[in-house]
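> Single-letter residue listing:
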Amino acid sequence: MRSDVLLSVRDLRIAFDGIEAVRGLSFDVRPGEVLAIVGESGAGKSLTARALLGMLPPGATTGGEVRLLGETDLAAQRGRRIALVPQDALSALSPVHPVGDQLAAAVRSVSRVPRKEARARAVAALERVGIPDAARKARAYPHEYSGGMRQRAVIAMAAINNPDVLVADEPTTALDEERRDQVLKVLAEQREAAGAALVLVTHDLDVVREHTDRALVMYAGRLTELGPAEEVLTRPLAPYTAGLLASLPQNATPGRRLPTLPGTPPTPGVLPPGCAFAPRCSLASDTCRHEEPEPQQVDGRLVSCHHWEDA
Amino acid sequence: MNTPLLDVRDLVVRYGAVTAVDQVSFSLHSGETLALNGPSGCGKSSTAHAVLQLRRPDSGEVRFEGRELTTLTERELRPLRPRMQPVFQDPYGSLSPRHRIRDAVAEPLKVQGRWSREGGPDRVAELLDRVGLDPAYGDRLPHELSGGQCQRAGIARALASDPRLLVLDEPVSALDPSVRAGVLNLLADLQDDLGLGYLFICHDRAVVRHFADRVLEMRGGRIIT
Ligand SMILES: Nc1ncnc2c1ncn2[C@@H]1O[C@H](COP(=O)(O)OP(=O)(O)OP(=O)(O)O)[C@@H](O)[C@H]1O
Ligand code: SF4
Ligand SMILES: [Mg+2]
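As you go down the protein sequences, you meet chains E and H in turn. Residue numbers for the first sequence follow this note's numbering, so the first one is 1 and each next one is one higher. Residue numbers for the second sequence follow this note's numbering, so the first one is 312 and each next one is one higher.
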């Protein structure tokens, strides 16, 4: 195995009732990197993130393989070497236990340290995410925390066992810019302190530009393109990525209608033959309508498109 | 100048000792989009709720189509309510999870006595078509729609009341960029065709700059620009 690969995803397939929502996805996560996963609603981002944690919803059948440093039992590694930063901090914490106890329990779930030491680590972890008077706050219940503090507490909990990978699914969606930046700052600090990689699912392309190293763009359960975030966002190779960027208001003429992708997102199970994006793509050719494009290397990036040179 | 659609003067909303909205004044004309921009907790949504009289303000005036709302009884407000409709952020939360889209859009027509067995279903189909939803989606439940489709259904339901003012509270904040662009374009088209006034609450500066005619910045309950 190559040492620059921490997590490897190979031909991942996730289906419900025989209908594939993730359709053969392969990518790597490198040690310490921040990888963004972007793509249209329903593209399979959350399912992919959950597959990394070995926590797919009931009824899901899977194919392919996810390996964390060679290990395939991801569920057994959850909380140890890979951890989830939940989107909804309130529902991620138990309302009936003090926050500090919940962090201490996370410590004791992976290592047999004495209660007292686990509690001390919990307080230190809360301190590290900037919770004032952490020793006292550790004894408080989630409802006694402000929304922002709760969010920091769940980040502290995810990072408390120094995982190799943190996975966050839309941790900042619908937060205003100030709160968004606070959450991302705390997340970055904790990630650096743990030396962990971060897989960040987001639809906020400003976040991708400013806070991530590489971007994986998904469409209809497949890889559309993958490359350095800055390059993907400034010189997209795939028509879908170009359309996504064009729809940003900061790239549009005020007062005019925003450019949109024509048509509607594909429905799993009733995909067109060939490239799933073809019905919405201005470059679609007969080849596109018959052959599904496979990822190919272009300048150290990956793109799945028959006509990337024209995009 | 003609009467504004909405004229708010010295609006104050308090929650206990906290003043969430502090002497806020603005006016809005038909066909115009006025944005309220600011961080969470600055009083944007409290202003929206007070304008809609979902929460009665502690003081100040809210004049809608020339009528002062704050002094009206709930009963007097009832015939005016359909003309000012909210659209909220969470597209799924704003529709009842157990009602089919068709019934959600039909409900205002029925409540307002504008439903007939012949005309009602046609009107629902027309409204769904108007917001860019195939009327076949009427059969679905909210969770069987994507976020963008669900937000369109919410807009169709608001339009069923023949409103003059839409109070849009973070209507696109939960949507991805390409879907968001489609919903913003739809709102712009509806405004052009129907002359609606929009009070547009949004924390995303780029969206606000693109979409609004005028922007008011709010901080700590006050308008600062
Ligand atoms: N538990 C489930 N049962 C059946 N289908 C599911 C389930 N979870 C997800 N799906 C389907 O799989 C597809 C991908 O879903 P996923 O949640 O991964 O999308 P996403 O990219 O995260 O979208 P969003 O941006 O809206 O969060 C969708 O079509 C979805 O309806
Ligand atoms: S493969 Fe063809 S249809 Fe698909 S994105 Fe590329 S050009 Fe468009
Ligand atoms: Mg998701």
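Check the hints yourself; a few may be wrong.
Unchecked claim - Now the stretches of chain H that chain E is said to cover, found in silico as 3 or more residues with beta-carbon under 8 Å: (1) 330 to 341; (2) 379 to 391.
To be verified - Reference excerpt, derived from the structure (chain E facing chain H, CB under 10 Å, subset only): (3) Ser26; (4) Asp28; (5) Pro31; (6) Gly32; (7) Glu33; (8) Ala140; (9) Glu144; (10) Met149; (11) Arg150; (12) Gly243; (13) Pro254; (14) Arg257; (15) Leu261; (16) Thr264; (17) Pro279.
Think of the hints as simulated: they come from the structure by calculation, not from any bench. Even for Gly, the Cβ is constructed at its ideal location relative to N, Cα and C.
> Go through the hint on E:Glu33 and say holds or violated, using the shortest Cβ distance to chain H against 10 Å.
violated, 23 Å
> Grab the minimum C-beta distance from E:Ala140 to chain H and call the hint holds if it beats 10 Å, violated otherwise.
Nearest chain H Cβ about 21 Å off; hint violated.
> Closer than 10 Å between Cβ atoms is the bar; does E:Met149 clear it against chain H? Give me holds or violated.
Not OK, violated: E:Met149 not within 10 Å of chain H, min 14 Å.
> Confirm or reject the coverage of the region 330 to 341 of chain H by chain E under the rule of 3 or more residues with a beta carbon closer than 8 Å to the chain's beta carbons.
Not satisfied, violated; 0 residues make the cut.
> Are 3 or more residues of the region 379 to 391 of chain H near chain E, judged by a Cβ distance of less than 8 Å?
Contact hint for the region 379 to 391 of chain H vs chain E: violated, 0 residues under 8 Å.
> Hold the hint about E:Pro31 up to the distance rule: shortest CB distance to chain H must be less than 10 Å.
violated, 29 Å
> Tell me if the interface restraint on E:Thr264 is satisfied: Cβ within less than 10 Å of some Cβ in chain H.
holds, 8 Å
> Given E:Pro254 as an interface hint, is the shortest Cβ-Cβ distance to chain H below 10 Å?
Nearest chain H Cβ about 6 Å off; hint holds.
> Next item in the hint list is E:Arg257. Is there a CB on chain H closer than 10 Å to its CB?
With a minimum Cβ separation of about 5 Å from chain H (threshold 10 Å), the hint on E:Arg257 holds.
> If you take the shortest Cβ to Cβ gap from E:Glu144 to chain H, is it below 10 Å?
E:Glu144 check fails; min Cβ-Cβ to chain H is 18 Å, beyond 10 Å.
> Under 10 Å, Cβ to Cβ, is where E:Gly32 needs to be relative to chain H, so tell me if that hint holds or is violated.
violated, 28 Å
> Hey, does the E:Leu261 contact hint survive, CB to chain H under 10 Å?
holds, 5 Å
When the structure is compared with the earlier hints, violations turn up for hints 1, 2, 3, 4, 5, 6, 7, 8, 9, 10, 11 and 17 and for no others.
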